[in-house]
Amino acid sequence: MNIDKKITHDLVANDISFVTTVPCKQLAGVIEEIDNHDEIFHIPSNKEDEGMGLCAGAWMGGKRPAIIMQNTAIGVTINTLATLIQYYRMPLPMLISYRGELREPVACQVEMAVHTKALLAQMNIPTYHFHKQSDVEELDMILKYTFMCNKPVAILTDANFWGGYGDQ
Amino acid sequence: MIRSEILKEIAPILRDQLVVCNIGIPSQELHAIDDQPTNFYMLGTMGLSSSIGLGLALAQDKTVISIDGDGSVLTNLCTLPTIANNVADNYILMIIDNGSYGSTGDQPTYTGKKTSLAGMARAAGCDNVVEVMDVDTGPALEKAIAEQKMTVMVVKCDSGNAKMPVITMDPVVIKDRFMKAVTA
Ligand SMILES: Cc1ncc(C[n+]2csc(CCOP(=O)(O)OP(=O)(O)O)c2C)c(N)n1
Ligand SMILES: [Mg+2]
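In the order they appear, the protein sequences are chains G and H.
Just so you know, we're using the numbering used here here: the first sequence kicks off at 1 and counts up by one.
Just so you know, we're using the numbering used here here: the second sequence kicks off at 1001 and counts up by one.
One chain only, chain G, in its complex shape:
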């Protein structure tokens, strides 16, 4: 199974039925796959903090949410993570493309990459880093863990995990 299919399969298997996204080149495949699944309501958001608000509402309405976003969005969402998701203690799996890591072609992406893990650590957000394709095997456990502990949980997925960018 390719990783886009495997990720979507694990979301569905964990009863995640409300997914919001702000795209990243690396996430294009998984977003397309999610759109192919009727079990998941996909609501694109325009900004990631807005997306987290949607997820908080969906959770309180009885649906298991997830957000798919780029690591640069950590810079957008700190306040929302602290004062909404963590303060009210809500679960939120965050599938995050980890731009600015090995095999990154765009230098500016490195500028948020160097802060990503430090910010997540400062926020006490459980953080997993997928670097090899086989790391996806842990996703199912991470999702179960997220809904067990009612916390936002970050899954950083770097370019190597996604198979690089081809010839750039």
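Hint data in this document are derived by calculation from the structure and do not stem from the laboratory.
Idealized CB from N, CA, C, for every residue including glycine.
Each hint should be verified, as a subset may be incorrect.
Derived pair list, reagent style BS3-like, types lysine-lysine, alpha-carbon separation capped at 25 Å [as the list claims (entries may be wrong)]:
no. : chain 1 : residue 1 : chain 2 : residue 2
1   : G       : Lys-132   : G       : Lys-6
2   : G       : Lys-151   : H       : Lys-1180
3   : H       : Lys-1062  : G       : Lys-144
4   : G       : Lys-151   : H       : Lys-1175
5   : G       : Lys-6     : G       : Lys-144
6   : G       : Lys-144   : H       : Lys-1113
Listed below are several chain G residues computed to face chain H (Cβ distance under 8 Å; list not exhaustive) [claimed, not checked]:
no. : residue
7   : Ile-43
8   : Asp-49
9   : Gly-53
10  : Gly-62
11  : Thr-80
12  : Gln-122
13  : Asn-124
14  : Pro-126
We have chain G; now place chain H with the ligands onto it with these hints.
The following block gives chain H with the ligands in isolation, referenced to the frame of chain G:
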């Protein structure tokens, strides 16, 4: 009328609905006027009342009213296209437009000048947008609930705040009793 006077007047209408209430004095006023388990009080996160309410409305069938503010909508303007394009007919966004950042001391916002939130909502693609004066809020809200059509209400009113105590209820308690009310 100021916000607290409107909330007092519509409290009997809000009582039976799921309400997501904006950060700061709006939540303090609603909490003091008529605390209900069906009220979700925001204690922080300026801007996200409309988004939380939309997510909630899309996830279940009961009517959801997001009470928002002009300043908060301005800071999360991208909510309007998301609302317009993901129609939930059990969703009402009621923006109390007092033309100011009321909670922080009534500093003016641009909606008291050239900017129209109703116009922006329409341009974003929202189909049912109504602008009403403070005194007409109750009937307009009842109409929106009865119609069962997604509605954006912009309520024009005066700037000013009632003196109410801060909410000391723990956020997890607010969430827990709200979630129980959602499924009740
Ligand atoms: C990110 C952020 N910036 C500023 C504030 C301070 N703040 C809290 S409430 C508020 C005003 C909100 O105004 P509005 O939405 O119009 O509501 P009103 O109190 O006027 O009803 C502001 C600026 C905040 N809580 N968070
Ligand atoms: Mg205001």
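Are Lys-1062/H and Lys-144/G close enough, with their CA atoms no more than 25 Å apart?
Since the Cα atoms of Lys-1062/H and Lys-144/G sit roughly 28 Å apart, the hinted pair is violated (cutoff 25 Å).
Supplied contact hint for Asp-49/G, tested at 8 Å Cβ to chain H
holds, 7 Å
Hint consistency between Lys-132/G and Lys-6/G [alpha-carbon to alpha-carbon, up to 25 Å]:
Measuring from Cα to Cα gives roughly 14 Å; hence the hint holds.
Tell me if the interface restraint on Thr-80/G is satisfied: Cβ within less than 8 Å of some Cβ in chain H.
Thr-80/G check passes; min Cβ-Cβ to chain H is 6 Å, inside 8 Å.
For the hint on Asn-124/G, does the least C-beta distance to chain H fall short of 8 Å?
At 16 Å from the nearest chain H Cβ, Asn-124/G fails the 8 Å test, so the hint is violated.
Would you check the hint for Lys-151/G and Lys-1180/H, treating anything up to 25 Å between C-alpha atoms as holding?
holds, 20 Å
For the hint on Pro-126/G, just tell me whether its beta-carbon gets within less than 8 Å of chain H.
Check failed: Cβ of Pro-126/G comes no nearer than 19 Å to chain H, outside 8 Å.
Are the Cα positions of Lys-6/G and Lys-144/G separated by 25 Å at most?
holds, 15 Å
Minimum beta-carbon distance criterion (8 Å), Gly-53/G to chain H:
Given a least distance of 3 Å, the restraint on Gly-53/G holds.
Answer holds if the nearest beta-carbon of chain H is closer than 8 Å to that of Gly-62/G; otherwise answer violated.
Since chain H brings a Cβ to about 6 Å from Gly-62/G, closer than 8 Å, the hint holds.
Under 8 Å is the threshold here; is the Cβ of Gln-122/G close enough to any Cβ of chain H for the hint to stand?
violated, 18 Å
Between Lys-151/G and Lys-1175/H, does the CA-CA distance stay at or below 25 Å?
Distance of about 14 Å is within 25 Å: holds.
Figure legend: structure checked against the earlier numbered hints; hints not met, in rising order: 3, 6, 12, 13, 14.
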